[in-house]
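Chains as they are written, first to last, in the numbering used here: chain G, 1 to 117; chain F, 1001 to 1139.
One should not assume that every hint holds.
Unchecked claim - Within a straight-line C-alpha distance of at most 20 Å, the following computed SDA-like cross-link-like pairs (lysine to any residue) qualify:
1) G:89 with F:1100
2) G:29 with F:1093
3) G:29 with G:12
4) G:51 with F:1093
5) G:51 with F:1037
6) G:89 with F:1120
7) G:89 with F:1114
8) F:1093 with G:36
9) G:89 with G:29
10) F:1100 with G:108
Claimed, not checked - Listing some non-contacts, in silico: residues in chain F with all C-beta distances to chain G over 12 Å:
11) 1026
12) 1028
13) 1062
14) 1065
15) 1069
16) 1071
17) 1074
18) 1107
19) 1112
20) 1119
21) 1122
22) 1128
23) 1129
24) 1139
Quick caveat, the hints were computed from the structure, so don't treat them as lab data.
Cβ atoms here follow ideal geometry from the backbone N, Cα and C, with glycine treated the same way.
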Amino acid sequence: MGIGISIHMQESLLFVNLTGELDQSTMQKVKQKLVNAIDQSDVKHVVFNFKGLTFMDSSGIGIVLGRYNQIRDRDGRVFVVGMNPVVAKVFYMSGLNKIITIIDDDADVMRVLEEAI
Amino acid sequence: MRNEINVTLPAIVSNASLARLIIMGILAPLDADTQQLTEVKTVVSEAVTNAIIHGYEGNPEGIVEFNAVLEGRRLKVVIKDHGVGIDDVELAKQPLFTTKEDEERSGLGFMIMESFTDDFEVVSAPSVGTTVTFEREIL
Ligand SMILES: Nc1ncnc2c1ncn2[C@@H]1O[C@H](COP(=O)(O)OP(=O)(O)OP(=O)(O)O)[C@@H](O)[C@H]1O
Ligand SMILES: [Mg+2]
């Protein structure tokens, strides 16, 4: 099981690709890596790609929300690509979709980002 | 057909993943769709994680009791801890309510459990522990 994290920065954007399972046992590793990456740079926006995740629960949602709180002072935004339908349902039910932007699977991600920011 | 599994899990965080495997195992013969299985798996993950991190506050000596019964296509699960318990269950169930905000929790566990089950109940008392029971018909 476990988690794979790869990140890269492109201008004001921090791209985060996750693979595996994002839960209580793996969230700490992801959090550490992202907190540092954001603290040590001047990226404004975070773009998560969840296509490679096989499972995610509320511990993972905490990671997404935490990054929103980390960059909101920079007027940054958080985007999620490839969110599975169950997690997406939770975002809509809780209203989190109003502060975290869910990008459709078939959308042209770069285009959505260009238009949004 | 009736099937049942009863296990006790030490309160270590990787056991949420073990509980998810167990529940997927008992549901495997039903050939249910991914969406339903993911929902059930998430509910189990939420309840077991809560028992470990809130109930036992990470103390690995704590024991989480996990019982799952499948009768036909009806699943009933009981997840029990003998940890710190919850003062005000109604408050704890409110979406976005958490007592661990500083640890980046979202306070969505109970909302997830309630939404993805047909029947859901939390019984808790301070310093006695917490029992989460849910039922879900697998279509
Ligand atoms: N088994 C438990 N023992 C003691 N307290 C609990 C237990 N389960 C939940 N709680 C309390 O209820 C609150 C709400 O639980 P819930 O799962 O909804 O949110 P959370 O665990 O704080 O955050 P999230 O689940 O989104 O990561 C918790 O913050 C905790 O105070
Ligand atoms: Mg929880």
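Cross-check of the supplied hints:
| no. | hint | result |
| --- | --- | --- |
| 1 | G:89 with F:1100 | violated, 23 Å |
| 2 | G:29 with F:1093 | violated, 28 Å |
| 3 | G:29 with G:12 | violated, 23 Å |
| 4 | G:51 with F:1093 | violated, 30 Å |
| 5 | G:51 with F:1037 | holds, 18 Å |
| 6 | G:89 with F:1120 | holds, 18 Å |
| 7 | G:89 with F:1114 | holds, 13 Å |
| 8 | F:1093 with G:36 | violated, 33 Å |
| 9 | G:89 with G:29 | violated, 26 Å |
| 10 | F:1100 with G:108 | violated, 37 Å |
| 11 | 1026 | holds, 17 Å |
| 12 | 1028 | holds, 16 Å |
| 13 | 1062 | holds, 14 Å |
| 14 | 1065 | holds, 19 Å |
| 15 | 1069 | holds, 23 Å |
| 16 | 1071 | holds, 24 Å |
| 17 | 1074 | holds, 21 Å |
| 18 | 1107 | violated, 8 Å |
| 19 | 1112 | violated, 6 Å |
| 20 | 1119 | holds, 18 Å |
| 21 | 1122 | holds, 16 Å |
| 22 | 1128 | holds, 24 Å |
| 23 | 1129 | holds, 19 Å |
| 24 | 1139 | holds, 15 Å |
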